[in-house]
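Engineer: In case you want the letters, here they are:
Number of protein chains: 2
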Amino acid sequence: MARKIIVAAAQVGAINQDTGKAEVIARLINLLNEAAHHKVQLVVFPECTLTTFFPCHLFQTQEELDRYFEHGDITQSPDVAPLFEQAKTSGIDIVVGYAERTLEGNGYNTCIYFSASERKVLQKYRKVHLPGTVEPFEDPEAINQLEKRYFKPGDLGFPAFRAPGLVPDVVKQSTLKAGQSTVGRGDPIFGMMICNDRRWPEAWRMYSLKGVELVMFGFNTGGNMAHLWGSKPMTPEQAKTEALFHSKLVQQANSYMNACFSISSARCGLDDGKYDLIAGSAICDPEGHVVAEAQTEGDELIVANIDLADCRQGKEKTFDFSRHRRVETYGLIDKQTGVVEPELL
Amino acid sequence: MARKIIVAAAQVGAINQDTGKAEVIARLINLLNEAAHHKVQLVVFPECTLTTFFPCHLFQTQEELDRYFEHGDITQSPDVAPLFEQAKTSGIDIVVGYAERTLEGNGYNTCIYFSASERKVLQKYRKVHLPGTVEPFEDPEAINQLEKRYFKPGDLGFPAFRAPGLVPDVVKQSTLKAGQSTVGRGDPIFGMMICNDRRWPEAWRMYSLKGVELVMFGFNTGGNMAHLWGSKPMTPEQAKTEALFHSKLVQQANSYMNACFSISSARCGLDDGKYDLIAGSAICDPEGHVVAEAQTEGDELIVANIDLADCRQGKEKTFDFSRHRRVETYGLIDKQTGVVEPELL
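First to last, the protein sequences are chains A and G. Per UniProt numbering, the first sequence starts with residue 1, numbered consecutively. Per UniProt numbering, the second sequence starts with residue 1, numbered consecutively.
Simulated from the structure, these hints should not be mistaken for lab results. Heads up, some of the hints might be wrong.
Unchecked claim - So, partial list: chain A residues that the calculated Cβ filter (under 10 Å) puts toward chain G:
no., residue
1, M1
2, L58
3, F59
4, Q60
5, T61
6, L65
7, F137
8, I189
9, P201
10, K232
11, V291
12, E293
13, E297
14, H324
15, R326
16, K335
Claimed, not checked - Rough simulated footprint, nothing fancy, chain G against chain A, three-plus residues with beta-carbon under 8 Å:
no., segment
17, 69-81
18, 92-100
19, 238-249
Just so it is clear, CB atoms sit at the ideal spot from N, CA and C, and this is done for glycine as well.
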């Protein structure tokens with residue numbers, strides 16, 4: 001049984017510190033309209049889609065920082081609501097990333113899955129693997145990465161979920177005998193992660209243990225940062241090539257090792273003419289091949305017609321977890337955070 | 001402090017069912033002599049180095065099967081001992097894979113690390129992730145993969161170990177204060193896996209949680225099997241290209257995500273003129289780049305001069321586990337073997 005859907009990543013180019021949200025939303029709606037033209041059913045927007053990538057700046061006041069955050073229900077925010085209205089009108093599900101400030105005052109790097117057919121948010125994800133540092137670099141010329149200062153680690157785990165309305169003629173749970181599974185036969189099972197999570201195989205595995213057929217993530221990845229951090233001398237151009245290489249490598253390999261599709265969507269370009277973010281938005285299949293890839297460093301829609309049934313080969317053969325995984329040997333993975341030398345174990 | 005060593009993979013081409021072990025050992029010693037010429041300090045030989053890849057055959061008697069197995073201490077086996085003698089003479093550490101029959105009669109797909117300076121086996125590893133099936137295919141023309149029939153899953157876990165004598169001027173534990181670690185400063189920390197293990201991120205992570213700087217594995221990977229298993233029609237040539245792509249992809253990505261070097265060594269070529277195994281032996285650096293790669297499908301030594309200190313950038317920054325891992329979100333990984341649909345969790 002084919003499980004075909006048309007999906008897209010909506011890559012978003014430079015956004016400056018003083019770019020207004022209305023202007024950004026207009027660009028996102030343009031991309032959504034282009035998606036509708038291609039009969040796309042699901043569009044993934046980037047991490048922190050709505051503003052410049054502010055964790056590269058140190059802010060002196062809470063007020064300066066908070067203008068980059070969303071407060072309350074984002075679908076009801078006057079600035080952002082038109083995007084969700086357009087999604088409903090076009091009948092396109094969307095994933096949108098944003099900085100979330102909770103009622104308790106906690107900051108999270110968040111994304112949501114909004115279903116056009118259900119007309120509501122089906123799932124929220126909060127970024128688990130925050131990169132960077134709490135304290136800014138001493139060098140005033142260095143480009144900071146202050147996610148650990150501005151956000152708490154996500155507290156929702158890796159919540160897989162079903163997305164109804166995308167694939168016709170799914171097998172319903174009620175039609176099955178007790179114990180029979182609708183994984184790969186019912187409504188598709190999706191998972192979201194954000195940026196740096198993609199480098200952590202644990203995140204992918206938590207999802208694939210829940211039958212996920214498609215992982216979606218946005219990213220903001222510095223193109224002119226690695227040469228400052230690295231122990232090897234590199235030009236900014238070399239550092240950018242390396243960052244793109246790593247981004248693609250982990251998406252391809254983790255899609256393969258978890259027998260799932262993946263969609264990545266970049267916030268990219270040169271924010272404020274200075275802060276360079278890599279592009280390279282991509283859609284990968286469960287065999288690890290890139291099936292669509294951005295060609296620019298600006299606003300760009302990439303589209304693929306995918307068949308989720310292609311996950312079956314991996315999930316039923318090489319990566320049939322029930323036959324091949326050996327959990328009795330994996331004990332340290334959720335018990336030991338850091339490295340311990342073998343003699344001390 | 002540089003931690004340079006010269007390492008090699010010794011790829012081994014076709015071995016037929018009736019090829020004698022003495023003939024194989026002579027070929028391995030040739031490769032070892034070539035390694036000595038290049039001042040190599042460590043050579044990795046393939047999985048089941050000493051015989052044809054017998055799990056593609058169904059044997060009718062235990063006697064037929066057992067001629068492919070080693071019984072007792074392999075370093076004392078009259079057939080194989082000359083290899084270890086040569087390793088000692090050349091001052092080269094070696095990793096050798098073989099089928100092991102224990103005193104209790106259990107079969108394991110095993111490899112050992114033999115230290116030339118210590119003149120003994122430092123560590124044994126038994127393959128954890130056995131691919132294939134217990135029962136042969138019904139189609140008599142299909143090429144079997146009967147590892148689950150002939151071997152038990154490894155019972156030694158993922159045992160990281162120190163290899164002395166390779167890197168000069170290491171920091172000794174006794175010179176450090178309590179709590180200070182010699183990871184990355186003492187004798188290098190190594191880990192072994194075998195073939196299919198390389199596709200399982202859990203195996204790599206168990207090692208990197210123990211500070212491993214170099215993962216070594218041999219493989220026997222079918223080049224004319226995937227087109228028989230796959231759900232998509234493929235020619236044998238396409239299946240072989242795909243198998244090579246996957247092999248390289250997982251080695252590169254897992255080396256990067258675990259900030260370690262890796263050496264893979266293929267048993268390859270056309271056994272008995274019929275059973276095709278991919279080549280593609282490779283040495284990867286901790287940034288995921290291939291630094292040396294086999295060019296043939298036969299006996300071939302590939303050499304790289306590596307600096308284990310290059311692991312530091314990954315281990316101290318992007319993949320600084322103690323700062324970035326979130327074990328509270330990884331709970332299913334060692335508790336749930338197979339896939340469970342999200343609603344049932």
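Engineer: Would you mind marking each hint as holding or not holding in the structure?
Structural biologist: Verification of the hints:
1. M1: violated, 12 Å
2. L58: violated, 19 Å
3. F59: violated, 22 Å
4. Q60: Violated. Min distance 25 Å.
5. T61: With a closest approach of 27 Å, the T61/A hint is violated.
6. L65: violated, 22 Å
7. F137: violated, 13 Å
8. I189: holds, 6 Å
9. P201: Since the shortest Cβ distance to chain G is 4 Å, the answer is holds.
10. K232: holds, 7 Å
11. V291: With a closest approach of 14 Å, the V291/A hint is violated.
12. E293: Interface hint status for E293/A: violated (16 Å vs cutoff 10 Å).
13. E297: violated, 22 Å
14. H324: With a minimum Cβ separation of about 6 Å from chain G (threshold 10 Å), the hint on H324/A holds.
15. R326: Hint on R326/A: holds, closest Cβ of chain G at ~5 Å, below 10 Å.
16. K335: Interface hint status for K335/A: holds (7 Å vs cutoff 10 Å).
17. 69-81: That given contact is violated, which follows from only 0 residues of the segment 69-81 of chain A lying within Cβ reach (below 8 Å) of chain G.
18. 92-100: violated (count 0)
19. 238-249: holds (count 4)
Hints 1, 2, 3, 4, 5, 6, 7, 11, 12, 13, 17 and 18 from the earlier list are contradicted by this structure; the remaining hints agree with it.
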